[in-house]
Amino acid sequence: MQFMLLFSRQGKLRLQKWYVPLSDKEKKKITRELVQTVLARKPKMCSFLEWRDMKIVYKRYASLYFCCAIENQDNELITLEIIHRYVELLDKYFGSVCELDIIFNFEKAYFILDEFLLGGEAQETSKKNVLKAIEQADLLQEPRHEYFAVPVY
Amino acid sequence: MPAPIRLRELIRTIRTARTQAEEREMIQKECAAIRSSFREEDNTYRCRNVAKLLYMHMLGYPAHFGQLECLKLIASQKFTDKRIGYLGAMLLLDERQDVHLLMTNCIKNDLNHSTQYVQGLALCTLGCMGSSEMCRDLAGEVEKLLKTSNSYLRKKAALCAVHVIRKVPELMEMFLPATKNLLSEKNHGVLHTSVVLLTEMCERSPDMLSHFRKNEKLVPQLVRILKNLIMSGYSPEHDVSGISDPFLQVRILRLLRILGKSDDDSSEAMNDILAQVATNTETSKNVGNAILYETVLTIMDIKSESGLRVLAINILGRFLLNNDKNIRYVALTSLLKTVQTDHNAVQRHRSTIVDCLKDLDVSIKRRAMELSFALVNGNNIRGMMKELLYFLDSCDPEFKADCASGVFLAAEKYAPSKRWHIDTIMRVLTTAGSYVRDDSVPNLIQLITNSVEMHAYTVQRLYKALLDDISQQPLVQVASWCIGEYGDLLVSGQCEEEEPIQVTEDEVLDVLEGLLVSNLSTPVTRGYSLTAIMKLSTRFSGVNRIKKVVSIYGSSIDVELQQRAVEYNALFKKYDHMRPALLERMPIMEKTATNGPTEIVQTNGETEPSVVEPKHLPPVTQPANQANDLLDLLGGNDVVPVIQTTMPTKPASAGGELLDLLGDLSLSGGPATAPASSVPTSQPSFLLDGLSSQPLFNDIAAAAIPPMTAYNKNGLKIDFTFERANPNPNVAVITIHASNSTEADMTEFVFQAAVPKTFQLQLLSPSSNVVPALNQGTVTQVIRVLNPQKLRMRIKLTYTLKGSPVQDLAEVNNFPAQSWQ
Chain A
1 MQFMLLFSRQ GKLRLQKWYV PLSDKEKKKI TRELVQTVLA RKPKMCSFLE
51 WRDMKIVYKR YASLYFCCAI ENQDNELITL EIIHRYVELL DKYFGSVCEL
101 DIIFNFEKAY FILDEFLLGG EAQETSKKNV LKAIEQADLL QEPRHEYFAV
151 PVY
Chain B
1001 MPAPIRLREL IRTIRTARTQ AEEREMIQKE CAAIRSSFRE EDNTYRCRNV
1051 AKLLYMHMLG YPAHFGQLEC LKLIASQKFT DKRIGYLGAM LLLDERQDVH
1101 LLMTNCIKND LNHSTQYVQG LALCTLGCMG SSEMCRDLAG EVEKLLKTSN
1151 SYLRKKAALC AVHVIRKVPE LMEMFLPATK NLLSEKNHGV LHTSVVLLTE
1201 MCERSPDMLS HFRKNEKLVP QLVRILKNLI MSGYSPEHDV SGISDPFLQV
1251 RILRLLRILG KSDDDSSEAM NDILAQVATN TETSKNVGNA ILYETVLTIM
1301 DIKSESGLRV LAINILGRFL LNNDKNIRYV ALTSLLKTVQ TDHNAVQRHR
1351 STIVDCLKDL DVSIKRRAME LSFALVNGNN IRGMMKELLY FLDSCDPEFK
1401 ADCASGVFLA AEKYAPSKRW HIDTIMRVLT TAGSYVRDDS VPNLIQLITN
1451 SVEMHAYTVQ RLYKALLDDI SQQPLVQVAS WCIGEYGDLL VSGQCEEEEP
1501 IQVTEDEVLD VLEGLLVSNL STPVTRGYSL TAIMKLSTRF SGVNRIKKVV
1551 SIYGSSIDVE LQQRAVEYNA LFKKYDHMRP ALLERMPIME KTATNGPTEI
1601 VQTNGETEPS VVEPKHLPPV TQPANQANDL LDLLGGNDVV PVIQTTMPTK
1651 PASAGGELLD LLGDLSLSGG PATAPASSVP TSQPSFLLDG LSSQPLFNDI
1701 AAAAIPPMTA YNKNGLKIDF TFERANPNPN VAVITIHASN STEADMTEFV
1751 FQAAVPKTFQ LQLLSPSSNV VPALNQGTVT QVIRVLNPQK LRMRIKLTYT
1801 LKGSPVQDLA EVNNFPAQSW Q
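Just so you know, the sequences run in chain order A and B.
Mapping of the first sequence onto my numbering: residues 1 to 153, in sequence order.
Mapping of the second sequence onto my numbering: residues 1001 to 1821, in sequence order.
Because the hints were derived from the structure by calculation, they are not lab data.
Because the structure is a prediction, the values reported are computed rather than measured.
Ideal placement from N, C-alpha and C gives every residue a C-beta, glycine not left out.
Any given hint could turn out to be false.
To be verified - Cβ-Cβ distance ranges computed for the label pairs, FRET-style:
id, chain 1, residue 1, chain 2, residue 2, range
1, A, Lys42, B, Asn1215, 45 to 55 Å
2, A, Leu39, B, Pro1236, 34 to 44 Å
3, A, Leu13, B, Leu1360, 24 to 34 Å
Using the sequences and the hints, build the whole thing.
Written out as C-alpha cells, the structure is:
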C-alpha cells in the first residue's frame, strides 16, 4: 500500500497515513485531487479506479470514506477486506465507532492502524491480537500525564 | 503560566469556528502558545502540545516547528511521550529532512528496549519512513529481532526488513539466514509477514528465487500451510465469513505465483492445492472471491496444466455474471491479461463481455471495450462491430477517441469487404468524427486511395455526409480530400454500389467554398478545401470559378491559405502547362514507416518508441531549458535556439512534415535526423537511408578557411575547423575539436551553441561525451551554420571534472573572414 486516507463527505481529512516518501506539497496535492475524484463518484460505481499510475480502492462507511492507493500487483478485493478489518478494529475499540470518535481521538486511530499495518502491509491478521496489543500499550500510558479527557475504554 | 489546554478541548474549540478565518485565528493563537511553551523547554506538557500540533497539521496548517519536539519526545523515558513522539515523527518528518537522521540513535536504543511495545514503536517507525541511511545503520538490529522468539516483535521485524530491503537492496543477503525457520511458526502474524518478506526477496533477486525454490523447498512448505488453512475447522481468531485467515491465503497464493512462474517442477507441486482452493472456496462473499481472484492470477501465471487454466477462465466467466460490480471489474481486468494467451477460452465469454459495455461504471466500460477489441477476429467482426459502433454512439467522450481508433484498427485487419470497411469508417466519422485522432485522417486517406474500386462510392457517401454536417473536422478533411481527388466521379454519377446522386460541378464547389468561409472550419480544414478546389480544376470543366476563388484567397489573413492560394495562382498563370501533371490522381500509396507514428524511432529490437540511448547524446530532455539560458544571455531577441541533434519524433501527420521541419535549413541531401553513430544495430531504412551524422561535407574545396581556437580555459581547449558545405555554399560546416590538458578526464561533456537570429544553426551529435585527459584524444562535433554574414556565437560548456560539475559560457567572435564570404 502506498497510502491510506480517511475523509468526510465534505472532503475534510480525518486521517492520512503515507507509506511512500513525498513532500508535504505533493501530499497535499494528491490528497486534494484524489478526494475530489472519489467524492465525484456515483454510488453505483465500483470501488476501484485507476488514478494517475496507481490503483485506488475506496469504500464508504457512514460519513467517512476510506481510500487506499495500492501497487499494481496488489489484490483489490483483499484490500477491501483490509479496509473492512480496520473499521472493525475501530468499532471494537471505540464501541460502535462514528466519525466523531475518529475526530476527537485521531491519535488512537493512528495507534490502531499502526498495530494492524506496518509499511503498508498487514502485520497481524487476528483481530483479537491487535486489540490486545493496543489495550496493553494503553495501560502503559502514564496516567498522571493524561492528555486524554476521557479514559481509554 | 497556566497549563496548556487539553487536546480534546482544543479540538472542540476549533470545531466551533464558523468561518475559515475564525478557525485560522484560533489556530494561530494556539500555535503561538505552543511555540512559547516549546521555547520554555517544558517537559510536562510537551506531549500534549505536540498532539495538538498534529491535529492542526491534519487540518492543513504548518507544523514544522514541532519537528524537533517530536525528537525530544522520542528520547523521553515516558511511554506516552514516545507514542506521540513517534507518531509525530511519522507525520511531520520524512527522509527529505536532515532532522530525521537525529532519530536514528533513539530508534536504535528503543529497538533494544526492555518493553516490547517500545520496541514495537521503533520498528513501526523505521518500517514506515526509515531513510536509506537509517536503514543501513539499523539493519543489524532489525535482523536480530527477526530471530527473536517473541512473535509480537518478530512479525514487525519481518515487515521492517521488507522496508529495509526496498530502501537498500544490497542488504537483502543479511536477512537470509533469519528466514530459515520463519514458516514453521504457528503465529499467523509472523507467517503473514514472513510470506511478505519472502515475496519481496524473491521478486527482487532471481538468485534468491532459485535458492528458495531449490534449497529451501519453499513450495511444499507453503502448500502445507495453505492446505491446513483450508482443511482445518473453524478458527474463531482468524475467521472471516467462514474462511480461515484470507489475508494469509492470498499472500501465500501470491508467493506461489512467483515461485511457480516459468518453473515446471514448482508449478506441478502446487497444481493440486490450486485446484482445491479454486473449487472449494465459498463465493458468496467478497472475501472468498478475493481468494479466488488471487488463485486465478496464480494459475494463469505459472505453468499450469490446461485443465486448471480452463477452470480459472471459467471462474472469471462466473465473476462476470456476479452482481457485485467490483467482482466484474477484476474479472475484466484479469481477462484482459489472459486474452492473448488463452484466446479461445476467453472467446467463450464474449457475449457477457460485450454486455458489460452497457455497464454504468466507467472503469468497467473501459475494460469491456479493450477486451472486446482484443476478441475481435475474422469470424465475429460483423457482430462485434455492430456492438462496438453502438457503444461508440452512446459512450462518454473520454472513450470516443480510443474506441474510434480501435474500430479503425479492427476494420483494417478483419474487414470482410471493402464496402463494409468504407461504411464502417463513414459510420465512425459521422458519429464520433470530432473525437477521431489526428493521425487517422492520413491513414484513412491512404485506405481510401488504395480501395480503387470504391472511389465513386466513397466520394458520394462523403459528399452526402458533408451536406448534413460540416462541424466534425476529421470527417470534413477526409471528405474534402476525396472530393478533390474524385470529384469527377461524383459529378458523372458513376456509383455502382448505390443509387448515384445527381450533383453538378457548381454544387460541389458551393460545398467546398462553404467550408472555406465557415466558422466551424479549422485552418487545417480550410487548407484541405482550398487544395481540393484547386485539384478540381483539372477534373471539372469550368475553371473560371476556381480561378476566382484561388485569387481571392491570395490575400487571406491566414498565412497558410495565402501561400497556397498564391502558389496555385502562379500555377494558373505561369505554369499552366504543368498543372494537369501536378494535380493528377494520386497513385496507390505504399504503407511505409514514414506514415506510421512509432516506426520511425530506432527500435533496436525494443518495442518502446523511446529516445536514443542518452549516454551517446547530449541529454535531449534538457536542450529546451538550456537553449533558453543561452537565449537569455545573448540578449533575448536576436537569437535562434539551437536545433540540437533532432530526436526521432512523432511526425505531425503525414510523413512529409518531418522533412519540412528541417527543410528550411536548405541543406541538401535531406535532414540528418537521429545520429546513426550512437545506435549499434540496424536503422530503419527509410528516413535515414544513406545518412549519417558524421560530417557529410568534407569538401576539399573548403580547405581555404583557416582553423581557430574558440575557447581555451581551465585545461579545456576548443578549436574550430571550417569547411564549406558542398554543394550549398551558404552553409558553413564547423567542426569543433575539444581537448583536455588536465590530469583527469572530463566526463558528461556537453557543448551547446547559440547564434543570432539572422543565422540558422544545426548541431549534430558529438563523437563522445568524455574528453580524455592529458590531450590523449579529442571530442569532435559538427555544427552547420547558414550564414550570409559575419558570424558570432555564444557557447556553453558543461562537464564533470574529478567529480565536480563545471559550467562555462563564452563568446566566440574571432571567426576568420573567409568563413562567411
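Hint by hint, where does the structure go against what was stated? Just the numbers, ascending. Checked against the structure, no hint fails, so every one of them is satisfied.
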